Every structure is written in C-alpha cells, then in structure tokens.
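A.B. asks: Following my numbering, the numbering of the sequence shown begins with 593 at its first residue and continues without gaps.
It is worth saying that the hints were derived from the structure and are not from the lab. Note that the structure is a prediction, hence the values are computed from the model and not measured. Glycine included, C-beta positions come from ideal geometry on N, C-alpha and C. Incorrect hints may appear among the rest.
[Said to hold, decoys possible] Derived Cβ-Cβ restraints for the label pairs, each shown as a range:
#: 1; residue 1: Pro-661; residue 2: Tyr-715; range: 30 to 40 Å
#: 2; residue 1: Ala-704; residue 2: Val-645; range: 46 to 56 Å
#: 3; residue 1: Asp-677; residue 2: Lys-654; range: 57 to 67 Å
#: 4; residue 1: Gln-703; residue 2: Lys-734; range: 30 to 40 Å
[As the list claims (entries may be wrong)] List of simulated lysine-lysine pairs, DSS-like, C-alpha gap at most 27 Å:
#: 5; residue 1: Lys-738; residue 2: Lys-718
#: 6; residue 1: Lys-691; residue 2: Lys-702
#: 7; residue 1: Lys-702; residue 2: Lys-718
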Amino acid sequence: MAAILGQGTLSILKCLCPRFSSRSNVLCINGINVYTSHAKSTVRGPVIDDSNVEIGVTSDGKTVVCYHPAVEFPYELSQPIPRPDPITNLPETHDQVLKQRLGKESLKEKQAPTIEELSNMFYTTKHRWYPIGQYRTRRRNKNPPKDR
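Work out the full structure: start from the sequences and follow the hints.
C.D. replies: See below:
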C-alpha cells in the first residue's frame, strides 16, 4: 500500500532522514517515478525494526510516498475467540435483555438525554426536540381533507 503524505514536507524529511538526498532506487507506481531511499526508515521510534517500510519522493520532488505492507501474523501465535459453553450458559432472550436494560433500577440512575445528545444520536437539528408551541397547534387544521 502506498500512502501519499503531503506536499512541501520534503525539506522537513531531509532533516529527519538524510538518505532522501541519495536517491538510490527508482520505482514506478501508477506512472509516477518514485525515488526510494532504503528498505528501512532512519527515523527510530517504538516501531519494530523488522518492518518492511519504503519511504520515497516522487520524480518532481513535491510528494513523499510511503509503502508499508500489512505485517503477517503467524497462526501459531494466535488465540481462539472464547465462546460461552452452551450447556451452562443459556442464551438470553430479547425479553431478558429488555428487562435488564429497561428495569426500574437502571432507569432511576439514568438521566434523560439532553437535546444536544439527541440531535447527535439521531443526526437531526436541535429544533426537532423542542416542543411545538400552542400557536402552531391552534392553527393546524383539525379536519384535513381526505386523500382521493
């Protein structure tokens, strides 16, 4: 995967990585010549040193390109997802979940969500959650015409 960092950062990266000025290898990615420095970056940090990372500059020198493939994880070191025992742990029904979440004890502790929280939750404006005034309800037609 090649990621383009941005334009105008070449001078900053030359200070951090002096290998950019050497331009040892040339790659062609989607018709753009990329000058790469070395298989490993000179910037050190908490990253594992065995990473296969390429950092380079395009042929015009305005864009920095980074190639960092996904790290392969050995299957032997993986662990299975813990699954509950179907004999001892009976599955919960929808009613049990609703009773637990909407029980009187749990509702006493919770406060009602604010208007801002409701508008963020349902992606609406804040005006939808304010009550409609009496002026508007009085003007509403109490006997709307029937559809055909």
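A.B. asks: Hey, Lys-691 versus Lys-702, does the alpha-carbon distance stay inside 27 Å?
C.D. replies: Distance of about 15 Å is within 27 Å: holds.
A.B. asks: Holds or violated: are the alpha carbons of Lys-738 and Lys-718 at most 27 Å from each other?
C.D. replies: 32 Å, violated
A.B. asks: Taking 46 to 56 Å as the stated bounds, is the beta-carbon spacing between Ala-704 and Val-645 within them?
C.D. replies: About 50 Å separates the Cβ atoms of Ala-704 and Val-645, which means 46 to 56 Å holds.
A.B. asks: 30 to 40 Å was suggested as the range; check whether the CB atoms of Pro-661 and Tyr-715 agree with it.
C.D. replies: 37 Å Cβ-Cβ, so the 30 to 40 Å window holds.
A.B. asks: Kindly confirm whether 30 to 40 Å is satisfied by the beta carbon distance between Gln-703 and Lys-734.
C.D. replies: Check passed, 36 Å falls within 30 to 40 Å.
A.B. asks: Taking the Cβ atom of Asp-677 and the Cβ atom of Lys-654, is their distance within the range 57 to 67 Å?
C.D. replies: This hint holds: roughly 60 Å between Cβ atoms.
A.B. asks: Does the structure keep Lys-702 and Lys-718 at a Cα separation of 27 Å or less?
C.D. replies: 21 Å, holds
Checked against the numbered hints above, the structure breaks only hint 5 and satisfies the rest.
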